[in-house]
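Trainee: Chain by chain, the residues run as shown.
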Amino acid sequence: GENVEQHPSTLSVQEGDSAVIKCTYSDSASNYFPWYKQELGKRPQLIIDIRSNVGEKKDQRIAVTLNKTAKHFSLHITETQPEDSAVYFCAATKTGANNLFFGTGTRLTVIP
Amino acid sequence: NAGVTQTPKFQVLKTGQSMTLQCAQDMNHNSMYWYRQDPGMGLRLIYYSASEGTTDKGEVPNGYNVSRLNKREFSLRLESAAPSQTSVYFCASSERGWGTVSSYEQYFGPGTRLTVT
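Taken in order, these protein sequences are the chains called H and U.
Residue 45 in the working numbering sits at position 45 of the first sequence, with consecutive numbering throughout.
Residue 1034 in the working numbering sits at position 34 of the second sequence, with consecutive numbering throughout.
Chain H with its partners taken away, still in its complex shape (with noise of 0.2 Å):
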């Protein structure tokens, strides 16, 4: 099945600078790539998610890139808020399959 592998674990930033986080995946087949955010004591939610056919999507503040060669996509968050602090999931999974294969996640911290 799909190994989806996420770094770093944790990631401390000064308010307004960028953060990135990166997974790689393991099947090349995976086609859907989706990132959820989860707030301390809530549920996870997905803010963005890219598909195989695009390269690049962005949304205001919040960027995801994808690479098939090398089988990885990465989160970029630029100018970063106190309340971007969370933990990130990345996840992946393909056409037909029956779920998500998630990454372990990314605990970021944001410093006013």
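In short, the hints are calculated from the structure, not lab data.
Everything hinted at is true.
Below 27 Å or equal to it, Euclidean Cα-Cα: the simulated DSS-like pairs (lysine-lysine) are:
#, chain 1, residue 1, chain 2, residue 2
1, H, 37, H, 58
2, U, 1057, H, 37
3, H, 42, U, 1014
Everything numeric in this text was worked out from a predicted model, so none of it was measured.
Since the structure of chain H is provided, determine the placement of chain U on it from the hints.
Mentor: Chain U only, in chain H's frame:
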């Protein structure tokens, strides 16, 4: 539209006791999932139900059973609780229409914090 709901929110059990965690969704989704979340371990899939009437094991199924009662409800049962099952349990659902990759978006419930002493 409540989304995904879970009961109870908190539970304390003694070793050997049994209990059932309830999950329901009102989005007419086909697929439902049970995860456990432990510190530093991310989200680990316990069981899933790809469609009404089917259930399958995930990554960590030992010690658990599930029932897909109908399209809306998916319950998780601990027959004989152990301290290793202390965790936060999340139920999730997704539309998962065939051939529609974006329908894999999973909607999570608020979680159940379970402590086994």
